[in-house]
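Use the sequences and the hints to build the structure in full.
Numbering (mature numbering (1 follows the signal peptide of the UniProt record, and there is no 0)), first residue to last: -23 to -1, 1 to 522.
Since the hints were derived computationally from the structure, they do not count as laboratory data. One should not assume that every hint holds.
Under the rule of at most 20 Å between Cα atoms (straight-line distance), these lysine to any residue pairs were calculated in the SDA-like manner [claimed, not checked]: (1) Lys162 with Leu425; (2) Lys246 with Glu259; (3) Lys152 with Lys177; (4) Lys177 with Met93; (5) Lys95 with Phe181; (6) Lys464 with Tyr423; (7) Lys46 with Cys16; (8) Lys147 with Cys169; (9) Lys155 with Asn344; (10) Lys249 with Cys169; (11) Lys319 with Ser346; (12) Lys295 with Phe211; (13) Lys155 with Lys246; (14) Lys295 with Val365; (15) Lys5 with Glu36; (16) Lys152 with Leu324; (17) Lys464 with Ala354; (18) Lys464 with Leu436; (19) Lys464 with Tyr419; (20) Lys95 with Lys319; (21) Lys319 with Leu360; (22) Lys5 with Asn34; (23) Lys464 with Val397.
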Amino acid sequence: MITITINLMALSLVISCFDYSESAANAKCIPFAHHFQICNKMPYNTTMFPNLLEHRNPEEASLEVAQFKPLVKVGCSDDLEFFLCSVYAPVCLNHGPLPPCKPLCERARSGCISIMQKFGFIWPENIRCERYPDSTPNALCIDNAETKKPEEKVRVKNKTQSSYNDYRCKTDQQKDAKHYNFMGKPGCASECDPVYFTGKEKDFARNWVLFWSVVCLISTAFTLVTFFVDMSRFRYPERPIIFLSGCYFMISIAFLCGSLSDNAIACHKTDKGVELLNQGTENAACTVDFMFIYFFLMSASIWWVILTLTWFLAAGLKWGHEAIEASAQYFHAAAWAIPAAKTIAILAMNQVDGDLLSGICFVGGKNLSALRGFLLAPLFFYLVAGSVFLLAGFVALIRIRKVLKTDHSLRTDKLTKLMVRIGIFSLLYSLPAIIVIACLFYEQSYRLVWDKSWISAWLLMSESCGGQSCYHFVGEDRPDFAVFMIKYLMLLMVGITSGFWIWSGKTIQSWKQFYYKKILNKRPPKKIIFKDVSVLTNLTGKTTI
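Rendered as structure tokens:
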């Protein structure tokens, strides 16, 4: 039964207060058309156009109301159908369309907002409840008197039993190449649309990656330029820090290109003009971007191991910088050859994937085995190996410090300072590396759950919209967006903090010397001239710089 709250004494005043548009002056009552099947049960059979949303005809209104079919189908609110009909096909009065009451809108919204948010939607702005009058004696509006109490509303149940077999690849997504795989369907490419995330989250992610890649680029560039200003200052065992910074300089460039490229790197257009996510090595820009990121990420990890190894050789085994530098060719062979071999293997296996969230191309985006074998396993191994060498070096430094403290003629403050710097730098590398590994482990642990949830949402939407999705959606069980943002940040954080080793007064002096010698072409003042001595190699009785 419909309750129309009308104050007869103030009827003319209330109607005059409604802010109808100019088009409402030409509005007329028309019978319900076949366009409004969801309104067939309404207790009235005529409506008015233009309606409350300024739709001029039933065809125009039906296109918009069709977006709510999935919500109507699952029955998230007993008031939703009534509310939608009162907005898109309102009751026809001589003075204009009759709006819904605000409580009716609020009940419909409260019942459905949770499921909308789970699928990545918000309540539309053009039907927000604040637009409608309260149900009071001074308002003219329509409400539903036979609404169930909120606690009796139907809950939406997710199809947790969905599997990859339930998904059907659209014709536009089908590819001849079998390395394409989407939702368990070989030869099927993902549309260039974020699967797990909303459009707003994608836009935020692009800006997030852009900002931190610029910060990383500036930090690593300053470290590299400082090295070239005074190359003699950075010798083994500290030299690997420079190569590590150089790797992250290249990584930041690749991330920067991805975030600025719109979808040009992560996606490609077919002959039919359909944008699909890249998989494999067919797209040159995607392949090059992947090579930059993966090769230099693995190389940076190996340089971290080499750095901790050289610290151990200097502190634990008393190697001088000459002895360490004599092995530099082996360090370079390991740091460049091993990542190159893994990169070639990934290219040969066509395991390159576009990452639509960040705009880059990487590995493991579609294939869990590739993620585990080419990312998780090597990153974990390099972290453990470096930590072992680092711990052994620290134990050696602690022993040396104890020996020096027994000889009161020797100062230990420089050694203590070095130990603190090594400890901080190690933390600045290890903590981001651990977080990246944790994020990747989270991703590989739950991806199957996310996929099945997305397929459940796809089934719901396609069944409600005639076999096609009405608009973009996400699954109920989907990734934590913050985890992915942290992953991108931590992938760049090592490069941002790699300049920690040069954050000292010696760097200022190096730049002053460069300024006097190269810019002013003068001899620097004596107070600026300095001689740096490596504490580690001093322990062996040999001067490094």
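Structure versus earlier hints, numbers of those that do not hold, lowest first: 3, 18, 20, 23
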